[in-house]
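Participant: Chains as they are written, first to last, in my numbering: chain A, 21 to 135; chain B, 185 to 296.
The set of hints was computed from the structure by calculation and includes no laboratory data.
All clues stand as given, with none of them false.
Computed Cβ-Cβ distance ranges for the label pairs, DEER-style:
(1) A:28 <-> B:196: 30 to 36 Å
(2) A:36 <-> B:200: 51 to 57 Å
(3) B:224 <-> A:71: 27 to 33 Å
(4) B:241 <-> A:71: 22 to 28 Å
(5) A:87 <-> B:187: 27 to 33 Å
(6) B:242 <-> A:101: 33 to 39 Å
(7) A:134 <-> B:198: 36 to 42 Å
Ideal Cβ positions, reconstructed from N, Cα and C, are used throughout, including at glycine.
Residues per chain are reported as follows:
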Amino acid sequence: GDSVTQMEGPVTLSEEAFLTINCTYTATGYPSLFWYVQYPGEGLQLLLKATKADDKGSNKGFEATYRKETTSFHLEKGSVQVSDSAVYFCALIRAGGTSYGKLTFGQGTILTVHP
Amino acid sequence: DTAVSQTPKYLVTQMGNDKSIKCEQNLGHDTMYWYKQDSKKFLKIMFSYNNKELIINETVPNRFSPKSPDKAHLNLHINSLELGDSAVYFCASSQDVSTEAFFGQGTRLTVV
Chain A
21 GDSVTQMEGP
31 VTLSEEAFLT
41 INCTYTATGY
51 PSLFWYVQYP
61 GEGLQLLLKA
71 TKADDKGSNK
81 GFEATYRKET
91 TSFHLEKGSV
101 QVSDSAVYFC
111 ALIRAGGTSY
121 GKLTFGQGTI
131 LTVHP
Chain B
185 DTAVSQTPKY
195 LVTQMGNDKS
205 IKCEQNLGHD
215 TMYWYKQDSK
225 KFLKIMFSYN
235 NKELIINETV
245 PNRFSPKSPD
255 KAHLNLHINS
265 LELGDSAVYF
275 CASSQDVSTE
285 AFFGQGTRLT
295 VV
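With the hints as constraints, model all of the structure from the sequences given.
Facilitator: Here is the structure:
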């Protein structure tokens, strides 16, 4: 079945550092890929998305590029802030097959940014 | 106006009780979901409904029963609650079965 693997956390950075959170996926066909963010005590919010190969999703200074050749969708930000501290989830969805209608998540990566 | 709202936000109950969590979305979406998030933050889909029809029913105990009275609502009823049911339950909706989902704030269920 479909699966998403994220880099192990937690990740701890100083403010203004560069962030990369790795995400790779296993899925047949052409899934859509997403990054979600969960702030403490809140639900998940869609951060960015890409629906086809080579698409770049971006939002709030974060970006990720859909790389079909490496089945990856790594999240990057050039300069993190304390307010970026949260749990980040990579996810995919396919329109057909046995995983029809199922948004599959990675295990989440906890990011802590210190002043 | 909250797009996906679920109630209650917190639920503390004793083992063996029956409880319900309600979810409503005002986005006009066709698809709704229930997800369970465990203490390690792992998210697992439980159920998915498309146009009030059940399309995904993962390996979830029979004690969990979803009900979709209309496209805007998806409720979750849990019978005979067990300690292991303690988790955060998230409702979500999406325009259709292949697009991004929008999540509610979650219901933290604690079974004592």
